[in-house]
Amino acid sequence: MSKEVNLQDLEQRLAEVEKQLERNQRFIRGFKYVIIAVIVIFLVTFGIGVIQFIGAGSA
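Heads up: take any position in the sequence shown, counting from 1, add 1, and you land on this note's numbering.
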């Protein structure tokens, strides 16, 4: 009897861990997109600054 209870308990815990892992993966995926967006915004603003600097230098 105790083995059956332990097995059910283990199955329940495994299901909880799987749910938690799925949530963590979703969070990491979203976090990755945020980092990529920040890098792109930085590169675009840096590029605009360089273009303005070159334009001001040639004037």
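Hints were generated in silico from the structure; no laboratory data involved. Backbone N, C-alpha and C fix where the C-beta goes; we use that ideal spot for every residue, glycine too. Check the hints yourself; a few may be wrong.
[As the list claims (entries may be wrong)] Here are the computed distance ranges between Cβ atoms for each label pair: (1) Asn25 x Ile49: 51 to 57 Å; (2) Gly48 x Gln9: 58 to 64 Å; (3) Gln26 x Glu5: 44 to 50 Å; (4) Leu8 x Phe47: 29 to 35 Å; (5) Asp10 x Tyr34: 52 to 58 Å; (6) Gln9 x Leu44: 50 to 56 Å; (7) Ile55 x Ile29: 37 to 43 Å; (8) Ile52 x Phe32: 49 to 55 Å; (9) Thr46 x Leu8: 53 to 59 Å; (10) Phe54 x Asn25: 39 to 45 Å; (11) Ala16 x Ile37: 28 to 34 Å; (12) Glu5 x Ala38: 48 to 54 Å; (13) Ile52 x Gly31: 44 to 50 Å; (14) Glu12 x Gly50: 33 to 39 Å.
Comparing the hints with the structure gives:
no., hint, in the structure
1, Asn25 x Ile49: 51 to 57 Å, "37 Å, violated"
2, Gly48 x Gln9: 58 to 64 Å, "59 Å, holds"
3, Gln26 x Glu5: 44 to 50 Å, "32 Å, violated"
4, Leu8 x Phe47: 29 to 35 Å, "58 Å, violated"
5, Asp10 x Tyr34: 52 to 58 Å, "37 Å, violated"
6, Gln9 x Leu44: 50 to 56 Å, "53 Å, holds"
7, Ile55 x Ile29: 37 to 43 Å, "39 Å, holds"
8, Ile52 x Phe32: 49 to 55 Å, "31 Å, violated"
9, Thr46 x Leu8: 53 to 59 Å, "57 Å, holds"
10, Phe54 x Asn25: 39 to 45 Å, "43 Å, holds"
11, Ala16 x Ile37: 28 to 34 Å, "32 Å, holds"
12, Glu5 x Ala38: 48 to 54 Å, "50 Å, holds"
13, Ile52 x Gly31: 44 to 50 Å, "32 Å, violated"
14, Glu12 x Gly50: 33 to 39 Å, "58 Å, violated"
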